[in-house]
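Start counting the sequence shown at 1; every next residue gets the next number (full-length UniProt numbering).
For the record, the hints were derived by calculation from the structure and aren't laboratory data. Idealized CB from N, CA, C, for every residue including glycine. One should not assume that every hint holds.
In silico SDA-like pairs for lysine to any residue, Cα to Cα no more than 25 angstroms straight-line [as the list claims (entries may be wrong)]:
1. K92 <-> G102
2. K92 <-> E80
3. K209 <-> P283
4. K203 <-> K92
5. K45 <-> T178
6. K45 <-> A101
7. K316 <-> K203
8. K92 <-> Q248
9. K53 <-> K92
10. K245 <-> A200
11. K203 <-> P149
12. K45 <-> G102
13. K286 <-> R276
14. K203 <-> L329
15. K92 <-> P149
16. K245 <-> E216
17. K286 <-> A122
18. K245 <-> E222
Here are the simulated distance ranges between beta carbons [claimed, not checked]:
19. A24 <-> P197: 20 to 26 angstroms
20. E207 <-> G102: 49 to 55 angstroms
21. T273 <-> G168: 44 to 50 angstroms
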Amino acid sequence: MSKAMVEPQPKRSTPTGDGVYSDAQLLLAARLYYVDGILQNQIAKMVGVSQAKVSRMLAVARDRGLVRITVPEYEPRERELEAELVSAYQLKMAIVVRKVAGQSVADLRNTLGYFAGPIVAATLAPYGTLAVAGGRTLQSLTDAMSRGPGPIRPVVVQAMGNVDSTPGSYDASEIARTLAQPWGGVYLTLNTPAFAPTAAVGKQLLELKDTRDVFERLAAAETALVGVGNLQNSVFIERNILQQKDIQELHRAGAVGEILGRFYDENGVECQTSYRQRVLSLPLEKLRAIPNVVAAIAGSDRTAAIRGALRGGILKSIVIDDDGARSLLAG
């Protein structure tokens, strides 16, 4: 049992309507607030309610007897599923975080990142080189990593070009910056578009000295942090980088997944399309050579994409929720 800094509360009746909160939801909120000392506005982003309702949830948790002088331990990880994934796919590491019923994908990303981030950070070597991609789940993971102890003065390198001219908080360049700074490290940016207008332009950009220097540093990385997309859920499609003809060509080539803007088939082999020659990111064969490639995924809608990357030896470790893990093990 984990000690909570809270005085015993008198038993109060639970008004009608509070029964919609499950014990698991209430335990998660109580664990974050009483044991970990997380602010209520941050808890709201993980549980999926307004900040005002977090206060009510904590009161209901006391009413149900879940919070007394101690908070029942909330186990956020599914250890058996982790062991099964490691065995089934010969992984270095699997972190499987429990999904609470009713969580949105955004809330799940925040919960996944909160519990997995410190574990991933602990695997990084001091003064090492870390390659990073972009993605919302990856942003949640790296936000949690950067809030705690991490490696001393790492070099964090952007592993793919910029998706567009206005990078968001979950783009690779911003993730590299926000991850390096709290640890006293440096970050290297890949000052190219992620997708060149033509293969010839892409080749010219790759020949620039600054670009070559970044790719040389990427090839020396000990760890890479990536997201996994597919033809239905990829930043390249969401932000209209790919045209319909590109998507059709990728379908014909058997694309099931995407990492660093590079689409691959069910065996993790990069699809041979004209699109491939225009991508400016670390090639998949170089990514495979990195000792630990960690993928962060929330949800079970990318099973084929993750499985293909695992079959192809692209991924060495995964951070995923329990629904996604069960889907991977079912195939």
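CA of K92 to CA of G102, is that 25 angstroms or under? Distance ~31 angstroms between K92 and G102 Cα, so the pair is violated.
Hey, K209 versus P283, does the alpha-carbon distance stay inside 25 angstroms? 18 angstroms, holds
A24 and P197, beta-carbon distance inside 20 to 26 angstroms? At 50 angstroms between Cβs, range violated.
Restraint status (C-alpha distance of K92 to E80 at most 25 angstroms): 15 angstroms, holds
Between K245 and E216, is the straight-line Cα distance small enough, at 25 angstroms or below? With Cα atoms ~33 angstroms apart, K245 and E216 exceed 25 angstroms; violated.
K245 and E222: Cα distance at most 25 angstroms? Violated. K245 to E222 sits at ~37 angstroms, over the 25 angstroms cutoff.
Agreement of K203 and P149 with the hint, judged by alpha carbon distance not exceeding 25 angstroms: Between K203 and P149 the Cα gap is close to 40 angstroms, so the pair fails against 25 angstroms, i.e. violated.
Given hint A200 paired with K245 - CA-CA distance at most 25 angstroms: Between K245 and A200 the Cα gap is close to 19 angstroms, so the pair holds against 25 angstroms.
Distance restraint between K45 and T178, which requires alpha-carbon spacing of 25 angstroms or less: 20 angstroms, holds
Starting from K92, check that the Cα of Q248 is at most 25 angstroms away, please. Cα-Cα ~35 angstroms, so violated.
Hey, K286 versus R276, does the alpha-carbon distance stay inside 25 angstroms? Since the Cα atoms of K286 and R276 sit roughly 15 angstroms apart, the hinted pair holds (cutoff 25 angstroms).
Given pair status - K203, K316, alpha carbons within 25 angstroms: Not OK: K316 and K203 at ~30 angstroms, beyond 25 angstroms, violated.
In the structure shown, a violation is registered for the earlier hints numbered 1, 4, 7, 8, 9, 11, 14, 16, 18, 19, 21, in ascending order.
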